[in-house]
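First to last, the sequence lines map onto chains A and B.
Here the first sequence stands for residues 1 to 68, where the numbers follow my numbering.
Here the second sequence stands for residues 1 to 790, where the numbers follow my numbering.
What the hints contain is simulated information worked out from the structure, not anything from laboratory work.
Since the structure is predicted, the reported quantities are computational estimates derived from the model, not experimental observations.
Among the clues, some could well be false.
[To be verified] Just the calculated beta-carbon pair ranges, DEER-fashion:
#, chain 1, residue 1, chain 2, residue 2, range
1, B, Arg318, A, Asn33, 38 to 44 angstroms
2, B, Phe266, A, Asn33, 53 to 59 angstroms
3, A, Gly56, B, Leu280, 50 to 56 angstroms
4, B, Leu406, A, Glu19, 31 to 37 angstroms
5, A, Ala52, B, Asn495, 39 to 45 angstroms
6, A, Lys26, B, Asp708, 41 to 47 angstroms
7, A, Lys26, B, Leu406, 42 to 48 angstroms
8, A, Asn33, B, Asn42, 22 to 28 angstroms
9, B, Glu763, A, Glu19, 25 to 31 angstroms
10, A, Gly56, B, Asn495, 36 to 42 angstroms
11, B, Thr257, A, Asn33, 54 to 60 angstroms
12, B, Trp688, A, Ala52, 34 to 40 angstroms
13, A, Gly56, B, Leu406, 22 to 28 angstroms
14, B, Lys685, A, Met30, 25 to 31 angstroms
Ideal Cβ positions, reconstructed from N, Cα and C, are used throughout, including at glycine.
Given next are the chains, with one letter for each unit.
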Amino acid sequence: MKHESNDQTKWLCDKCQRELELAKVKVRYMEGNFEVDLMKCPTCNQVFIDEALALGKMKEVEEGLEDK
Amino acid sequence: MNLDKLLETGDRCIHKEPPTCTAQCPVHLEIIDFLSEIEKGNFQNAYKLMEKKMPFHNIIGRICDHPCEAPCERSKAGGSIRISDLEKAVLEYGAYKPKKVWPLPKNKGKVAIIGGGLSGLTTAIDLDKKGYSVTIFEKTNRLGGRLWDFVGESMTEELLQQEMKAIADKKITIHFDATVDQKRLAELLTEYDAVYLGTAAWEEPIEANPVTFQVGDSTLFVGGQLLNKSDSVILSASSGRRAAISIERYLSKVSLTDSRDREGVFETPLQFDITSKKPLLPIEKTAAIYSREEAIEEAQRCVKCQCRKCIEGCVHLRKFEMSPDAYIRQINHSERIILGTHYANKMINSCAECGLCKEECFLDISMNDVIHETRESMVQRGKMPVSAHDFALKDMAFSNSSRFSLVRKQPSKEESKDLFYYPLISFSDYVKGLYKGTGKTEYLFYPGCQLPASYPDDIKSIYEYLVGHVKGDVGIYLGCCGAPADWAGQQGLMNENIEAIKKVWTEMEQPTFILACSSCIRIFEKYLPEIKVESLWDIYVREGLPNKDHIKIPQTLSIHDACGTRENSDLHESVRKIVAKLGYGIEELEYTKEKTKCCGYGGLVYYANREQSNAFVSERIGESENDLLVYCAMCKDLFVSGGKRTYHLLDLIYPKDEGESATRKMPTLSERHQNRSRVKQILLKEIWREEPLEGVMEDNFTLIIPEDVKKNIEDRYILMEDIQAVLKNAEAKNERFCNPDTGEYLAKLRRDNVTFWVKYEKEEESFLIKSVYSHRMEILEEDGNSGGTK
Ligand SMILES: [Zn+2]
């Protein structure tokens with residue numbers, strides 16, 4: 001579920017005013033726990049997910065897990 | 001879930017059953033396939049099908065007594081298909097040189113065949129092919145027996161000679177002029193492993209097993225005319241073939257009787273309704289044999305009998321290309337999977353649970369019940385995809401929360417005494433009703449959740465009408481009957497809901513419920529049979545309509561009955577009486593009343609598979625040129641959203657001045673919430689004259705939402721309150737991302753089991769919403785929280 005689009009490089013964390021960095025992030029759905037590379041703020045750790053990722057790959061994984 | 005019972009139901013489905021022509025053909029020629037090949041002009045493929053099933057197809061194809069033709073369903077619509085003539089044409093145009101078959105070593109046993117007629121030759125050839133050493137005892141000096149009587153135009157002497165020579169050329173021993181009598185038979189029975197008796201007559205009566213053709217438990221087997229007591233050639237050949245099967249089973253020491261119930265002629269359970277087919281007369285031959293073109297044309301008359309009644313009526317079964325038997329096999333598979341993907345989930349959640357399949361089925365098989373039970377089982381086993389019904393269940397929770405739910409007795413006489421003055425007391429039925437108040441609630445008006453969401457302004461009018469017209473006090477009860485929980489297979493939630501309704505009913509001293517929503521009617525019938533219910537529409541018919549002069553333009557309407565009312569014929573009549581009384585003409589749809597279809601909302605398919613829901617909508621609205629008339633809020637909303645002019649009965653009974661009601665758009669999901677809350681506020685304020693306890697919506701941000709974003713918000717099941725919550729959190733805590741190039745913000749908030757994201761720009765005091773989306777997956781941020789505020 002690795003994701004990096006051109007768009008997100010322009011985004012900053014508004015709270016910390018820092019540029020986002022690609023990092024390993026833990027995600028969870030139903031009984032599935034795994035690590036993926038996502039953009040996040042290195043200070044406060046908030047993770048950035050854009051529309052294409054949420055409605056694309058992420059939804060696909062969710063549906064896959066729901067049918068398990 | 002009882003899977004054995006499930007599979008039994010699947011086995012009862014007659015979709016896969018053979019047509020009567022094949023069942024009545026003693027050798028089961030696959031006639032539908034045979035005719036399809038001819039239709040396509042593939043005479044050689046048709047020939048192969050004859051070769052596969054018909055012993056001596058070159059002979060029998062020309063002289064068959066065709067028991068397949070008389071029962072042909074086409075006989076009821078023009079005349080039976082001329083199968084026999086088509087076989088002759090196929091032998092003419094599709095024959096090819098047989099492939100050379102290398103004989104097997106003859107080491108499986110020795111079989112004597114008495115009688116070189118059609119049945120004996122069939123047994124001989126079949127056993128020879130399987131590797132038995134076969135010896136024929138023929139009393140005359142040639143093979144073929146009575147086949148020689150058939151020599152004529154169709155079958156020439158030359159052809160018969162050729163076919164008989166082919167047998168003689170095989171490694172089969174033939175004794176001509178060999179008369180076998182009782183004594184000789186006894187000898188043969190000791191010399192050979194098995195004996196087949198295929199003579200036309202025998203010295204004394206012989207009793208054979210009707211399935212195995214075995215005489216007692218001896219090594220003697222019988223067939224042909226002696227057994228059949230008929231001169232049918234195809235029956236003779238069939239019995240020879242079946243005897244060969246018995247002999248092989250006997251000599252291989254396996255059961256002679258296992259799964260042989262469909263050998264020879266049998267009655268197919270298939271039922272077929274030909275009434276919708278246009279009669280077509282048989283194509284007449286212009287010569288002794290059909291020309292290719294004539295044959296193709298004749299084959300085209302075949303209706304390919306197969307029961308597809310439920311499939312034809314149901315856009316869900318058609319979309320997934322499923323017959324009930326196949327569907328049930330998939331469910332069975334899905335229920336048994338322990339590890340792996342449940343591929344059938346989407347399909348199971350795409351059924352509207354409308355019940356038309358059962359109505360159409362000759363055998364009353366209800367896929368509705370099967371699928372419903374499957375959903376309950378999925379929920380119990382924790383295998384129901386949450387996303388399928390989550391929104392609908394949250395919507396139900398909303399309706400049963402204090403934001404909508406309400407129970408009130410009719411305002412008492414004491415509370416209403418300020419209304420009892422002239423002229424009100426003389427001219428307002430409502431006030432007269434209040435004046436007659438007894439304090440005992442005879443009726444409880446239960447409008448459901450979707451009607452108030454779609455028709456918020458009419459609920460008060462209906463309530464006042466009821467107080468003014470029915471005998472006895474009328475209370476009100478706002479809430480959701482639980483239909484979403486039922487459709488979602490959530491038995492626990494459903495039972496909780498039912499108990500809550502029962503409690504109110506008991507506390508109110510068991511009043512009659514007045515229902516206006518077809519889903520409520522279905523739910524009350526299914527789960528609350530002890531509660532007496534009346535439909536609002538029945539009451540309008542009994543007590544008279546509230547308004548006069550409502551009609552704007554007289555026109556003809558087609559009535560779409562709500563699928564939840566399928567069994568309720570009184571209700572169907574009431575609706576028609578109201579429509580007629582209002583001055584409209586009625587043109588019935590093909591699928592109407594007990595055979596009505598679903599609008600595309602039922603079974604929560606609207607939430608679980610929007611594409612499937614759209615298919616329901618577009619099929620139904622395409623069935624009439626007329627404007628539609630419905631009496632379920634969801635039917636109206638879905639049809640209008642599909643682009644069809646549709647009236648709800650309330651549009652006609654309570655006409656509005658503003659706008660065209662037949663094209664009035666469905667309220668958004670958020671508006672549905674707001675409308676329900678508004679109904680509660682209006683009723684409390686204007687009927688019970690209570691001060692509302694809570695504001696509908698307070699301190700909200702002002703949002704500017706472009707049309708395309710609005711549509712996405714709807715399609716993604718996102719509510720305005722979700723957006724407001726995201727913004728509130730972002731503004732308060734700066735928990736958001738910013739894009740210095742564009743000035744945009746992107747903020748998120750986890751609410752319950754969903755994370756909502758809003759991209760926006762601030763414009764002075766308002767927020768321009770650029771996009772909204774959500775996901776269910778939880779992001780575990782390092783500090784341990786998941787981006788939520790809880
Ligand atoms: Zn930060």
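Cross-check of the supplied hints:
no.: 1; hint: B/Arg318 x A/Asn33: 38 to 44 angstroms; result: holds, 40 angstroms
no.: 2; hint: B/Phe266 x A/Asn33: 53 to 59 angstroms; result: holds, 57 angstroms
no.: 3; hint: A/Gly56 x B/Leu280: 50 to 56 angstroms; result: holds, 53 angstroms
no.: 4; hint: B/Leu406 x A/Glu19: 31 to 37 angstroms; result: violated, 53 angstroms
no.: 5; hint: A/Ala52 x B/Asn495: 39 to 45 angstroms; result: holds, 42 angstroms
no.: 6; hint: A/Lys26 x B/Asp708: 41 to 47 angstroms; result: violated, 34 angstroms
no.: 7; hint: A/Lys26 x B/Leu406: 42 to 48 angstroms; result: holds, 45 angstroms
no.: 8; hint: A/Asn33 x B/Asn42: 22 to 28 angstroms; result: violated, 57 angstroms
no.: 9; hint: B/Glu763 x A/Glu19: 25 to 31 angstroms; result: holds, 26 angstroms
no.: 10; hint: A/Gly56 x B/Asn495: 36 to 42 angstroms; result: holds, 39 angstroms
no.: 11; hint: B/Thr257 x A/Asn33: 54 to 60 angstroms; result: holds, 57 angstroms
no.: 12; hint: B/Trp688 x A/Ala52: 34 to 40 angstroms; result: violated, 51 angstroms
no.: 13; hint: A/Gly56 x B/Leu406: 22 to 28 angstroms; result: violated, 43 angstroms
no.: 14; hint: B/Lys685 x A/Met30: 25 to 31 angstroms; result: violated, 45 angstroms
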